[in-house]
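A.B. asks: Chains A and B are the protein sequences, given in the same order. Each residue of the first sequence is one higher than the one before, starting from 123 at the first, in our numbering. Each residue of the second sequence is one higher than the one before, starting from 26 at the first, in our numbering.
Careful: at least some of the hints might be erroneous.
Said to hold, decoys possible - Far from chain B, by Cβ distances over 10 Å, these chain A residues were calculated:
| no. | residue |
| --- | --- |
| 1 | Phe134 |
| 2 | Asp278 |
| 3 | Asp414 |
| 4 | Arg440 |
| 5 | Leu483 |
| 6 | Ser631 |
| 7 | Gly749 |
| 8 | Ser766 |
| 9 | Glu825 |
| 10 | Glu834 |
| 11 | Leu911 |
As the list claims (entries may be wrong) - Simulated restraints on C-beta separations:
| no. | chain 1 | residue 1 | chain 2 | residue 2 | range |
| --- | --- | --- | --- | --- | --- |
| 12 | A | Glu801 | B | Asn364 | 19 to 29 Å |
| 13 | B | Gly213 | A | Asp849 | 53 to 63 Å |
| 14 | B | Gly63 | A | Ala756 | 55 to 65 Å |
| 15 | A | Arg764 | B | Asp270 | 22 to 32 Å |
| 16 | B | Gly351 | A | Arg187 | 24 to 34 Å |
| 17 | A | Glu314 | B | Ala303 | 32 to 42 Å |
| 18 | B | Trp167 | A | Glu533 | 28 to 38 Å |
Since the hints were made in silico from the structure, they are not lab data. No residue lacks a Cβ here, since even glycine has one placed at the ideal position from N, Cα and C.
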Amino acid sequence: MRVSYRWLASFFPPGSLDALPPEELARRLTRQGLAVDDVRPAFAAFTGVVLGKVVQAGPHPNADRLTLCEVEAGDGARQVVCGAPNVEVGALYGYATVGSRLPGDRQIRRAKIRGVESQGMLCSAPELGLDALGGPEGIWPIGGASEADLGRDLRDVLALDDTILDIDVTSNRGDALSHLGVAREVQWLVGEELVLPAIRLVESGEAAASRSGVEIEDVEGCPRYFGRLIDGIRVGTSPAWLQTRLVSVGQRPVSDVVDVTNFVMLELGQPLHPFDFDRLAGGRIVVRRARDGERFVTLDGRERTLDAEITMICDAERPVAVGGVMGGLESEISAGTRTVFLESAHFDPARVSRTVRKLGLPSEASTRFARGVDPELPKIALDRAAALIAEVAGGSVASGRVGAEAGERVERRRIELRLSRHEVLVGKATTADAARTALESLGFGVTSGRGDVLTVEVPSWRFDVSREADLIEEVARLEGYEAVPASPLPAPPVAPAREPRQRAIARLSEASRAAGFDEACTPSFVPEDVLGAGTAIDNMVEIRNPISKADRFLRPFLIPNLARAVAYNLKRGAPRAKLFEIGHAFRRLAGEVEETERLALAAGGARSPLDWSEPHPPEYDFWDLKGDLEDVLAAAAANSPRFSKGSRAWLHPGRQAEIESGDGTALGFCGEVHPIVAEAWGSERKLYVAELELAALAGPDPEMRIMEWSREPAVERDLALVVPSGDLAADIVAELWRSGIDHLKGVRVFDRYAGPQLPEGHYSLGLRLTFEADRTLTDEEVDGEMNRLLERLRRERGYEIR
Amino acid sequence: MIEALRERLEELRREVERQLNAAAGPADVEEIRVRTLGKKGALTAEAKAIGRLEPGARPKAGELVNEVKSALERAIAAREEELAGGELTRRLAEEALDVTLPGRRRGQGTRHPLSIVTDELLDVFRRMGFSVATGPEVETPWHNFEALNIPPGHPAREEMDTIYVAGMERLLRTHTSPVQIRVMESQGPPVRVVCPGRVFRSDTPDASHSPFFHQIEGLWVDEGISLGHLKWALIEFVHQYYGPDVDTRFRPSYFPFTEPSGELDMECLLCHGEGCRACKGSGWLELLGCGMVHPAVLEAVGYDSERYTGFAWGMGVERIAMLRYGVPDIRLFYENDTNFLHQFAAR
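Throw the hints in and build the complete structure from the sequences for me.
C.D. replies: Written as structure tokens, this is what we have:
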């Protein structure tokens with residue numbers, strides 16, 4: 123909300139605001155809860171421009187397009203050459219005298235133009251920094267100015283020396299979206315009573331009620347609706363004072379009638395709507411709910427489909443406006459409008475808010491109605507605006523208002539304020555007098571103030587105040603939060619320890635980083651074709667109002683966006699990229715959203731960082747991934763995890779595994795991304811990914827007891843078994859453990875070989891067995907165990923020694 | 026005869042010493058040792074010859090031979106050690122490296138700046154007595170809005186630009202406040218929690234907006250908690266995190282779930298209050314929103330709002346990280362360029 127300092131000052135007796143220059147006022151308002159984001163001059167600076175009148179104009183002797191003018195500015199006519207096509211004898215203009223300085227550091231000097239002397243310049247609006255004003259071309263006639271002001275500085279005549287305060291009005295304070303509303307807050311600071319603008323309404327002629335009428339069917343959506351008729355209008359341009367005032371607060375002047383409605387809205391806070399009365403069928407207004415599916419063309423030229431929750435303003439035949447939101451094209455004020463029907467109504471905030479959302483149609487009016495406009499304001503604002511329209515557009519106001527309302531007076535809320543409660547909540551005591559003064563300065567009525575309790579009546583414009591806590595805030599903010607003493611918290615003597623889950627996550631993060639993965643942070647959204655290969659992922663959670671097509675679903679797991687980030691880095695030229703992320707993933711499950719926390723890893727590129735001693739390191743591969751994963755799992759105390767062949771369509775069919783813990787709990791999966799999917803994710807290189815369920819890994823700190831180990835030397839035996847290709851290494855190792863031979867302490871795979879020396883359909887697996895006992899084992903003992911083992915393997919599995 | 030022996034031995038000793046001096050390496054010394062002291066060596070021959078002497082001369086002859094033998098053994102051993110030492114020195118010299126060449130790094134991973142900042146903030150609040158609680162990102166309207174005193178149609182609800190799940194009454198939480206509700210629903214007062222997490226708004230991404238970002242929210246509910254406690258806690262936080270001399274400003278504001286509500290501004294870290302681009306010339310940076318928990322919120326979770334009061338606050342992690350590390354564009358956090366991520370190795 124842009125607020126003009128001068129406009130604000132006009133609500134107080136002259137001089138009241140002198141002690142509060144704009145910067146200071148901004149600071150005080152900010153401390154009071156109306157945050158002022160910016161303080162700036164309302165208009166560009168210029169000097170030496172006065173109000174001048176063209177008393178004579180004739181052709182330039184040496185140029186067809188120039189006019190020779192005699193300009194009177196109070197001290198004798200001066201000759202000015204003017205290049206504009208719209209010079210009018212008798213009109214008043216901004217006259218830049220010799221020596222004046224215009225915006226853009228432009229200085230006006232005495233000059234000869236085509237051989238004729240020119241003493242200064244007649245100004246266009248843009249030349250004075252008022253780009254939004256004036257006609258399409260030429261100099262700017264100062265409409266509504268008085269000849270008595272000839273020679274006066276134009277800045278004074280138009281009150282251009284003003285400051286704008288840009289206030290960030292919080293959504294509860296619809297009442298502060300006007301100069302009156304802000305003035306109510308300033309009242310506390312200046313300690314003077316508000317002076318409301320005088321309404322000089324002159325009514326004449328036939329009563330409005332004889333030609334017009336209002337009928338409210340939708341009382342819930344529009345509890346009060348009033349109108350006035352202004353006849354004999356000639357729609358034109360607003361006087362300069364009105365234009366400059368609107369421009370100073372960011373409103374573009376349209377026409378005098380529309381400008382007045384905007385002016386009164388910014389002044390008092392009541393949105394108004396002018397209709398061309400002659401276009402209202404039957405001259406009547408009917409306020410009703412729209413019919414489902416009804417269509418209507420709004421002022422912006424777009425056709426909208428309505429529903430029964432929307433309040434429509436209609437004439438005797440058809441809708442003419444969306445209530446509280448926007449007018450219609452057909453009844454709009456135009457140059458030919460002769461009689462204006464001026465609407466001033468109150469609309470239900472929730473209904474307007476819903477309508478705006480439904481139609482996607484925010485406007486100055488709907489913003490205010492949605493936040494709540496003072497229900498007692500419509501009549502006052504109507505009279506104010508009617509009087510102003512008659513004043514600036516030259517019409518006459520017909521006698522009386524037409525309209526209807528549900529209840530003459532709005533019931534005011536009464537709330538009890540306990541001073542003791544104030545002290546508890548704020549931590550600082552206040553007195554009954556102090557609270558009363560503060561509340562009354564904001565327009566609250568304090569009807570009784572006995573002992574601890576004040577009975578407070580809430581003014582009609584304060585929709586946001588409904589409970590005692592709201593009143594406590596009002597008093598606290600006026601007294602100033604800086605006055606509240608800071609009190610140390612009654613904290614427990616020992617600060618809480620890190621939660622087990624947080625500790626577990628920290629461990630996983632640390633292990634992932636130790637394995638060379640950088641922590642990443644990727645979006646929660648994925649496109650429908652998340653695998654990029656036309657392969658759908660089932661049960662993804664869809665977004666009703668996605669920001670873009672690429673954001674239509676919630677990520678079913680973290681890998682797609684994480685792998686894309688790896689691909690992005692590789693594509694950019696990074697020799698390797700290893701990323702991990704801890705985050706939430708989403709699936710639909712039985713009509714609900716199943717949300718799980720995950721740890722995902724993704725890697726690609728070189729196995730190791732660039733190193734001069736190994737200029738061409740091998741590419742990261744499945745075994746690197748599995749090793750990294752095993753390190754991470756070890757940190758989560760998920761020892762001896764089991765990897766079994768996986769079958770996800772978007773991973774390499776032969777290079778993927780499902781992972782479960784030793785006790786069979788599913789932990790996650792890993793694998794090489796299918797080349798088609800990797801390409802869709804932007805990578806020409808192989809991508810390796812893994813995703814783990816945090817729930818299975820981030821439990822409380824596991825109990826542990828160290829195990830004893832032998833200090834006797836271990837005995838090792840190597841074994842190369844020839845086994846059928848279909849036999850999995852893990853099963854063979856498990857078979858060894860199951861064999862029941864004594865003193866076996868370790869089995870490690872040290873070689874895998876397949877080649878022509880071996881029987882068809884077989885491979886050789888090299889295993890290193892470690893034997894240990896609490897005494898020195900003899901070779902004979904170990905050999906005996908080995909023979910038993912080999913015998914068993916031959917008998918049970920048919921394995922041969924290579 | 027003894028004299029002749031003495032001379033021969035003396036001659037042998039001189040000859041061996043001469044040869045030892047000429048020896049170029051341990052191998053030469055070994056050869057000399059074999060030639061002299063070996064089974065067929067010169068001195069061994071002399072020792073064997075003693076037996077052939079007359080018995081009276083034998084002791085003296087043996088004494089002489091042993092004398093020379095031990096002298097030569099010492100000389101050989103000394104020369105051997107001397108030469109071997111030289112060899113080691115030479116070998117070590119050959120093994121010298123250019124230590125300015127880069128080391129072989131394993132490439133340890135880095136933490137994401139948002140995690141770094143989150144952990145730092147949580148650490149400060151833990152020390153002040155808060156525990157960490159988390160909750161789901163897909164929420165019910167009740168937890169995200171109604172319980173927080175934001176009924177349907179409330180203007181604040183429209184301003185939140187909520188992202189909704191299709192086909193069910195679920196939404197992506199617009200703030201971490203629903204975690205407060207979940208905590209209070211699950212336990213009675215006192216409550217002292219901080220809630221970090223990802224939140225969502227229907228914003229088109231640009232340099233300062235993202236449809237998802239991260240917040241930390243805090244809640245302290247107990248008997249007798251006041252705005253004064255809130256003020257102390259948050260100013261203390263600023264002093265702990267940014268330094269004891271950083272100025273703060275506490276001003277009224279509005280949030281539907283707090284009453285009274287406020288915002289805490291902190292002296293601009295870049296210009297120290299002078300006014301610059303980062304603070305839009307005001308000298309202040311908006312740091313967090315806060316307030317006394319609205320009685321309607323306490324009532325929504327079944328707390329006695331007369332007996333218990335509390336304060337809550339919320340702040341954006343990205344904003345704090347952007348200021349702390351000079352990150353000009355919020356999208357850099359989510360791009361995951363390793364050129365960006367690797368800069369946080371020391372954090």
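A.B. asks: Determine for every hint whether it applies to the structure shown.
C.D. replies: We went through each hint and held it up to the structure:
| no. | hint | result |
| --- | --- | --- |
| 1 | Phe134 | holds (23 Å) |
| 2 | Asp278 | holds (29 Å) |
| 3 | Asp414 | holds (20 Å) |
| 4 | Arg440 | holds (28 Å) |
| 5 | Leu483 | holds (13 Å) |
| 6 | Ser631 | violated (7 Å) |
| 7 | Gly749 | holds (13 Å) |
| 8 | Ser766 | holds (28 Å) |
| 9 | Glu825 | holds (23 Å) |
| 10 | Glu834 | holds (34 Å) |
| 11 | Leu911 | holds (38 Å) |
| 12 | A/Glu801 / B/Asn364: 19 to 29 Å | holds (24 Å) |
| 13 | B/Gly213 / A/Asp849: 53 to 63 Å | holds (60 Å) |
| 14 | B/Gly63 / A/Ala756: 55 to 65 Å | holds (60 Å) |
| 15 | A/Arg764 / B/Asp270: 22 to 32 Å | violated (57 Å) |
| 16 | B/Gly351 / A/Arg187: 24 to 34 Å | violated (56 Å) |
| 17 | A/Glu314 / B/Ala303: 32 to 42 Å | holds (38 Å) |
| 18 | B/Trp167 / A/Glu533: 28 to 38 Å | holds (30 Å) |
Checked against the numbered hints above, the structure violates hints 6, 15 and 16; every other hint is satisfied.
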